[in-house]
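Engineer: Here the protein sequences come in this chain order: A and B.
Residue numbers for the first sequence follow the numbering used here, so the first one is 1 and each next one is one higher.
Residue numbers for the second sequence follow the numbering used here, so the first one is 1 and each next one is one higher.
Hint data in this document are derived by calculation from the structure and do not stem from the laboratory.
Honestly, I wouldn't trust all of these hints.
Stated by the list, open to error - Taking lysine-lysine pairs in the DSSO-like style, the calculated list, with each CA pair at most 27 Å apart, reads: (1) B:32 with B:67; (2) B:32 with B:248; (3) B:29 with B:173; (4) B:173 with B:112; (5) A:9 with B:149; (6) B:149 with A:8.
Unchecked claim - Selected chain B positions facing chain A (in silico; Cβ < 10 Å): (7) 90; (8) 93; (9) 100; (10) 166; (11) 222; (12) 248.
As the list claims (entries may be wrong) - Computed list of chain A residues with no C-beta within reach of chain B, every gap over 12 Å: (13) 23; (14) 25; (15) 58; (16) 112; (17) 128; (18) 130; (19) 166; (20) 188; (21) 196; (22) 231; (23) 242; (24) 286; (25) 305.
Fair warning: this is a prediction, and the values are worked out from it, not measured in the lab.
Beta carbons: idealized from backbone N, C-alpha and C, even for Gly.
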Amino acid sequence: MDRTAIMKKPLIYGGLAAALLAVPLLTNGYTQYVVNLVTVYVVLGVGLNILLGYAGQFAFANAAFMGIGAYITAILSSQLGLPFWVCIPAAGVVTALIGTACAVPAMRMASIYLALVTFAFAELMVWVFINWKGVTNGSNGIGVSAPDLFGYVFRGDQRLYYLLLPCCLTMLWLASRILKSYIGRSFVIIRESEIVARCNGIDVSRTKMIAFGLSAFFGGVGGALFAYTVGLVLPQSFGLFQLVIHIAIVVLGGMASLAGAIIGALLLTTLPEFLRDFQSLQEVMFGTALVIVAIFMPRGIAGALTRFGILPREMLVRGIVRERRPVATPGRDQDLEPIGVGVTHD
Amino acid sequence: MTDPVLNVSNLTVRFGGLVAVDSVSVALKAGKVHGLIGPNGAGKTTFFNAITGLVPQSDGRVQYLGKDITNLPAHRRADIGIRRSFQSVQLVQSLTVLENILIGLHSGSAGKGWRGIGALFGFEGPDRAEQEQVWDVAAFLGIEHTLFKSIAELTFAEQRFVEIARAIVSRPKVLMLDEPAAGLSEAEIEKLDRLLRRLALEWGMAILLVEHVLSLVLVVSDEITVLDNGRFVIHGLPDEVARDPRVKSAYLGEEVHA
Numbered sequence: 001m002d003r004t005a006i007m008k009k010p011l012i013y014g015g016l017a018a019a020l021l022a023v024p025l026l027t028n029g030y031t032q033y034v035v036n037l038v039t040v041y042v043v044l045g046v047g048l049n050i051l052l053g054y055a056g057q058f059a060f061a062n063a064a065f066m067g068i069g070a071y072i073t074a075i076l077s078s079q080l081g082l083p084f085w086v087c088i089p090a091a092g093v094v095t096a097l098i099g100t101a102c103a104v105p106a107m108r109m110a111s112i113y114l115a116l117v118t119f120a121f122a123e124l125m126v127w128v129f130i131n132w133k134g135v136t137n138g139s140n141g142i143g144v145s146a147p148d149l150f151g152y153v154f155r156g157d158q159r160l161y162y163l164l165l166p167c168c169l170t171m172l173w174l175a176s177r178i179l180k181s182y183i184g185r186s187f188v189i190i191r192e193s194e195i196v197a198r199c200n201g202i203d204v205s206r207t208k209m210i211a212f213g214l215s216a217f218f219g220g221v222g223g224a225l226f227a228y229t230v231g232l233v234l235p236q237s238f239g240l241f242q243l244v245i246h247i248a249i250v251v252l253g254g255m256a257s258l259a260g261a262i263i264g265a266l267l268l269t270t271l272p273e274f275l276r277d278f279q280s281l282q283e284v285m286f287g288t289a290l291v292i293v294a295i296f297m298p299r300g301i302a303g304a305l306t307r308f309g310i311l312p313r314e315m316l317v318r319g320i321v322r323e324r325r326p327v328a329t330p331g332r333d334q335d336l337e338p339i340g341v342g343v344t345h346d
Numbered sequence: 001m002t003d004p005v006l007n008v009s010n011l012t013v014r015f016g017g018l019v020a021v022d023s024v025s026v027a028l029k030a031g032k033v034h035g036l037i038g039p040n041g042a043g044k045t046t047f048f049n050a051i052t053g054l055v056p057q058s059d060g061r062v063q064y065l066g067k068d069i070t071n072l073p074a075h076r077r078a079d080i081g082i083r084r085s086f087q088s089v090q091l092v093q094s095l096t097v098l099e100n101i102l103i104g105l106h107s108g109s110a111g112k113g114w115r116g117i118g119a120l121f122g123f124e125g126p127d128r129a130e131q132e133q134v135w136d137v138a139a140f141l142g143i144e145h146t147l148f149k150s151i152a153e154l155t156f157a158e159q160r161f162v163e164i165a166r167a168i169v170s171r172p173k174v175l176m177l178d179e180p181a182a183g184l185s186e187a188e189i190e191k192l193d194r195l196l197r198r199l200a201l202e203w204g205m206a207i208l209l210v211e212h213v214l215s216l217v218l219v220v221s222d223e224i225t226v227l228d229n230g231r232f233v234i235h236g237l238p239d240e241v242a243r244d245p246r247v248k249s250a251y252l253g254e255e256v257h258a
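Chain A extracted, bound-state conformation (with noise of 0.2 Å):
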């Protein structure tokens, strides 16, 4: 890496922190509330996004997941008076587990089976958390109470977003520490194809597991974000339409990008709001946008700008050597003296 890119780095990183910790001064309730939105909805559509987007499982089981952490994060802290800090981990812990078991099915079914299972699981779910009044309280739901820190209670939209934002801010350091290396890659490759994938060593039934429990773990850790940033846990918030928003953001944002959950995020978070006025409008809008991405994005507004070279391409690597090491080690030279194979300029 050149000089200026090594000073560049922390600049951007800097100022980008420095914009995001400030945005609490230029909102009001309202919109502080919809800015806090994206930061769960950020978690939540990366968790699809290694799914569907990285590993290609079309498991529509999100919403489901959510529900979960959500309901987890409402029981531990209001029943039981437990911190956020235990709170949000043992929600993505516990539906990582129950994400993982969902790979069961995943490993002998083709895709549309799937799909119809994980839908159903879906279902079933929601049914959970309406009849299981014991524990859920049925369709009144579950109050959250506020977090807190040493005494510091993050009441109000304000100041919950100094807890969302570095929760936010983790999960996607966490996915991006993960996607690059050999994890994300066999994701990739059981996407593309699992013949493949078996042929480089890469066992297929582990790997599915692995991205179903990551994938269920985010979608418990967004849950509990926003069982805390509504405030009130209710079944009916984590049915169909729960699961078409998160399947919008990743669609829309990109499939197989992190870049794509976050702009997926920002934008079917905050475009209904400033279309409040038009509800017709709204719908006819959603629709258009998914039919064109559809046709003209096949990777989504994250895969275009890409394209484009606005955005960096995503690799699935980190620490990139680009140029060979000076060869030293004696004993493999000579086996690797250029043969020159690839050039095909004769």
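Assemble chain B onto chain A, guided by the hints.
Structural biologist: Chain B alone, transformed into the frame defined by chain A:
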């Protein structure tokens, strides 16, 4: 005679009532190229798939370095050093060449356990050593200039060699190539010829080569097995095989260019 690296004995594959491969045996030796020829539908690819574990075998045994791997799943066979290429190029179009070749090193990365998971969050990045291996192989093949291109930007020949790079980057003991010369020009086939010899002689690989381009397979192979209709026809040195009347009539036609 050295012991074979991969010993396939009486391998049979049945699909319902159809016998695709009927009791075929092959022994691959380190440093040798073993050609496998036969007309279309002779069962070469099925034989290939059974050895790599993609198609369940109905009968017979596969031994690797003296160990029975008959019941080992495909990914475990790849883990222990049996790699292959595909008849049609099977690369991930949306990834760069570097990422595609790195996929060939999955076993090494995944096998590092907790230390490997720790490396995901370390400062350096988890793929340092792996990338150096990719650079070495890319330099060896002369495709370094393509490493940061996406697959769609490559010529067909370059894609073929990227696939071979993915198959050899982990330095497997057994390399199985399914029609690597298909679609290549004369000059490119000549380079493939040199590459196969060097992989065998210098890297010590045992190579199984399915190929229709006889000018390649008859020249580069140390020994050749001929299949027809799923059955073993003949096994021998390239000259012997080329002279055999059954091979001439069943496969080569009247003229033979050796």
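Engineer: Against each hint, give a clear statement of whether it holds in the structure.
Structural biologist: Hint by hint, here is what the structure shows:
1. With a C-alpha separation of about 20 Å, the suggested pairing of residue 32 of chain B with residue 67 of chain B holds against the 27 Å cut-off.
2. Restraint check: the Cα-Cα separation between residue 32 of chain B and residue 248 of chain B comes to about 24 Å, which is no more than 27 Å; the hinted pair holds.
3. Between residue 29 of chain B and residue 173 of chain B the alpha-carbon distance is near 10 Å, which keeps this suggested pair within the 27 Å criterion.
4. At most 27 Å may separate the alpha-carbon atoms for a hinted pair to count; residue 173 of chain B and residue 112 of chain B meet this at roughly 21 Å.
5. Restraint check: the Cα-Cα separation between residue 9 of chain A and residue 149 of chain B comes to about 24 Å, which is no more than 27 Å; the hinted pair holds.
6. Only pairs whose Cα atoms come within 27 Å are accepted, and residue 149 of chain B paired with residue 8 of chain A is accepted, the gap being roughly 25 Å.
7. For residue 90 of chain B, the shortest C-beta to C-beta distance to chain A is roughly 5 Å, which falls under 10 Å, so the interface hint holds.
8. The criterion of a C-beta within 10 Å of any C-beta in chain A is met by residue 93 of chain B, whose closest approach is roughly 8 Å, and the hint holds.
9. Residue-level restraint check for residue 100 of chain B holds (minimum Cβ-Cβ distance to chain A is 9 Å; threshold 10 Å).
10. Hint on residue 166 of chain B holds. Least Cβ distance to chain A is approximately 7 Å, under the 10 Å limit.
11. Using the Cβ-Cβ criterion of 10 Å, the hint placing residue 222 of chain B at the interface with chain A is not satisfied: the shortest such distance is roughly 19 Å.
12. Look at residue 248 of chain B: its Cβ only gets to about 32 Å from chain A, farther than 10 Å, so that hint breaks.
13. Taking the minimum C-beta to C-beta distance to chain B, about 28 Å, the non-interface status of residue 23 of chain A holds against the 12 Å cut.
14. Listed as a non-interface residue, residue 25 of chain A keeps its Cβ farther than 12 Å from every Cβ of chain B; the least gap is roughly 33 Å.
15. A cut-off of 12 Å between C-beta atoms confirms that residue 58 of chain A is not in contact with chain B; the least separation is 18 Å.
16. No beta-carbon of chain B comes within 12 Å of the beta-carbon of residue 112 of chain A; the shortest separation is about 23 Å.
17. Under the 12 Å C-beta cut-off, the non-interface status given to residue 128 of chain A relative to chain B holds; the minimum distance is some 33 Å.
18. Here residue 130 of chain A stays apart from chain B, with its beta-carbon at least about 39 Å from theirs, past the 12 Å limit.
19. The non-interface label for residue 166 of chain A is consistent with chain B: the shortest C-beta to C-beta separation is roughly 17 Å, beyond 12 Å.
20. In this structure residue 188 of chain A is not separated from chain B by more than 12 Å, as the shortest Cβ-Cβ distance comes to only about 6 Å.
21. At the 12 Å boundary, the C-beta of residue 196 of chain A falls inside the reach of chain B, the nearest C-beta of that chain being 5 Å off.
22. At roughly 33 Å, the least C-beta separation between residue 231 of chain A and chain B is larger than 12 Å, which holds for a residue marked as non-interface.
23. For residue 242 of chain A, the condition that its CB be more than 12 Å from all CB atoms of chain B holds, with the nearest at approximately 29 Å.
24. The non-interface label for residue 286 of chain A is consistent with chain B: the shortest C-beta to C-beta separation is roughly 27 Å, beyond 12 Å.
25. With a cut of 12 Å on Cβ distances, residue 305 of chain A stays outside the contact zone with chain B, its closest approach being about 15 Å.
In summary, the structure is inconsistent with hints 11, 12, 20, 21 from the numbered list given earlier, while agreeing with the others.
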